[in-house]
Amino acid sequence: MNVLLDITVSTFVAGLIILTIVGLNGVISDVAFQTTTSVAVQQDISDLARIIEFDFYKIGYSADPAFDDLAFLYADSARLGFRSDIDRDSTAERIWYSLEDPEIEGLEGEAPPYKQLYRTVDDDEDDDIPELIGTGIVEFNLQYFNGVGVQLTGFPPTDPGTLASIRSIRIQVKLQSVILPDTVLGASYWEKYISPKNL
Amino acid sequence: MGGSQTFMTIGALMLLSSLILSLNNAILGRDLVNYESEATLTAIAIGQSLLEEVRTRAFDENTVPPNRASSPADLTYPDYVGHEDGEEGTEDFDDIDDYDGFRRSVTTTRFGDFIQAVRVYYVRNTNLADSSNFPTYLKRIDVEVSNSYVVSTSYVGTPINRITLSTVIAYR
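Chains as they are written, first to last, in this note's numbering: chain A, 1 to 199; chain B, 1 to 172.
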C-alpha cells in the first residue's frame, strides 16, 4: 500500500516538475522572441532615422531658386517632396517621401494596423522605383516651421510662397513590430527637428 | 525510510521553486532593461529634437538680424538671459537664451509624458562645463529630459530618471 502511495505521489511530483519546466521553457522562448523583436524595432527606427537625416539635412542643395527650382515640391503631414543633389552630380534630384497603406493578405478592404514609408528618388530616369524604408509605422507626422520658428499651417499649401517659407521640419515617427498584428512586442518613438542648411 | 523520502522530495521541490523564482526574476529584469532602453532612446530623440530647435535661433537678443555684436560686451548680461517680456512661447523666442528655464512636455503612447527642461548659460572656451559670470561668444544649452522609465546614473552612482543632453553654440 505504501509502495503504491510512493509511486503515485512521485509520479504526481514528477509530472508537476515536468509541467513547470515545459512552462518555463515556453516563457523563456517568449521573452527571447520579444527581446529580439524589440531590438529589431529599435534597429529599424535607427536605420530609418539615419536615412531621413541623410536626406533632410540636404534639402535644397543645388536647387536654384533663380530657375523656380523651389527646394520643396510638396508638403503635408504624411508626404513630402523636395529637391536636393544627394548624389553630388551637380543636378538636384526630386525626392519623395510618402506614407502608404501596406498590402496585407486577408485584410483587403479593412484599415491596416500600420503604414509603410516609401522613398523615391526621381532623377529623370525610368527606374524611379519607390524604396520601402520603414514598415510598422503607427504614428507619423511632419510639421513645418518658418525662419523664426513659427509653425506653418494649412498643409498642403495652395501657394508656392508657403513652401518657400519653410525653414525647419519636425518629424515624429513611432514604429511597432508587425510580426503579430494584435500584440505589441516592441515599439520605438523617434522625433527630430531638422533645419536644412540650404534653405 | 518513507519520512526521509518525503523530506528529500520537499527539499528538491524547494530547490526547484527557488530556481524558478530566480529565473523569473531574471526574465522580469530583462523586460525592465528592454523598456528602460526603449524609454532612454525616446528621451534622447526628444532631447536632440529640442536641442536642434534651440540651435535654429539667433545667438543673442542683440544679434538678431540685422544686429551684430562687435564684442562680448554687446551681448545680454548673464543675469538677464531668458525670454524677454512679451515672449510667451517658443513661437516668440528669437534667440537661444530665450529658452533658459523653458519646460515642455511631450506625450508618448508607450511611456507617458517626457518632461523637457532647458538651461542656457555662457561658458568660457577654457572651461565648457561651468557657467561664466560675464558674456562670452559661447553659450551652452543643457536639455534635461525626465520620465519615470528612463534610468541613468548620476555622478555619485545613484540611479536617476532623467538624461541631460548638452551642446555649446559659438557666435559667428
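Keep in mind the hints are simulated off the structure, nothing from the lab. One thing to keep in mind: the hints can contain errors.
What the hints assert, rightly or not - One-sided and incomplete, this derived list gives chain A residues near chain B with beta-carbon spacing under 10 Å:
| # | residue |
| --- | --- |
| 1 | Thr8 |
| 2 | Val13 |
| 3 | Leu16 |
| 4 | Val27 |
| 5 | Val31 |
| 6 | Ile45 |
| 7 | Ser46 |
| 8 | Leu70 |
| 9 | Gly149 |
| 10 | Val150 |
| 11 | Thr183 |
| 12 | Gly186 |
Said to hold, decoys possible - Label pairs and their calculated CB-CB ranges:
| # | chain 1 | residue 1 | chain 2 | residue 2 | range |
| --- | --- | --- | --- | --- | --- |
| 13 | A | Asp124 | B | Gly82 | 46 to 54 Å |
| 14 | B | Arg68 | A | Asn198 | 18 to 26 Å |
| 15 | B | Asp85 | A | Asp122 | 26 to 34 Å |
| 16 | A | Thr153 | B | Ile44 | 25 to 33 Å |
| 17 | B | Gly112 | A | Glu131 | 30 to 38 Å |
| 18 | B | Leu21 | A | Arg88 | 20 to 28 Å |
| 19 | A | Ala111 | B | Tyr77 | 55 to 63 Å |
| 20 | A | Glu131 | B | Arg103 | 33 to 41 Å |
| 21 | A | Glu131 | B | Ile44 | 24 to 32 Å |
| 22 | B | Val64 | A | Asn141 | 52 to 60 Å |
| 23 | B | Arg68 | A | Gln43 | 41 to 49 Å |
For every residue, glycine included, the Cβ atom is placed at its ideal position computed from N, Cα and C.
Evaluation of the provided hints:
no.	hint	in the structure
1	Thr8	violated (13 Å)
2	Val13	holds (6 Å)
3	Leu16	holds (8 Å)
4	Val27	holds (6 Å)
5	Val31	holds (5 Å)
6	Ile45	holds (8 Å)
7	Ser46	holds (8 Å)
8	Leu70	violated (20 Å)
9	Gly149	holds (6 Å)
10	Val150	holds (5 Å)
11	Thr183	violated (14 Å)
12	Gly186	holds (8 Å)
13	A:Asp124 / B:Gly82: 46 to 54 Å	holds (51 Å)
14	B:Arg68 / A:Asn198: 18 to 26 Å	holds (23 Å)
15	B:Asp85 / A:Asp122: 26 to 34 Å	violated (49 Å)
16	A:Thr153 / B:Ile44: 25 to 33 Å	holds (29 Å)
17	B:Gly112 / A:Glu131: 30 to 38 Å	holds (34 Å)
18	B:Leu21 / A:Arg88: 20 to 28 Å	violated (60 Å)
19	A:Ala111 / B:Tyr77: 55 to 63 Å	holds (57 Å)
20	A:Glu131 / B:Arg103: 33 to 41 Å	holds (40 Å)
21	A:Glu131 / B:Ile44: 24 to 32 Å	holds (27 Å)
22	B:Val64 / A:Asn141: 52 to 60 Å	violated (29 Å)
23	B:Arg68 / A:Gln43: 41 to 49 Å	holds (46 Å)
Hints 1, 8, 11, 15, 18, 22, counting from the list given before, are not met by this structure.
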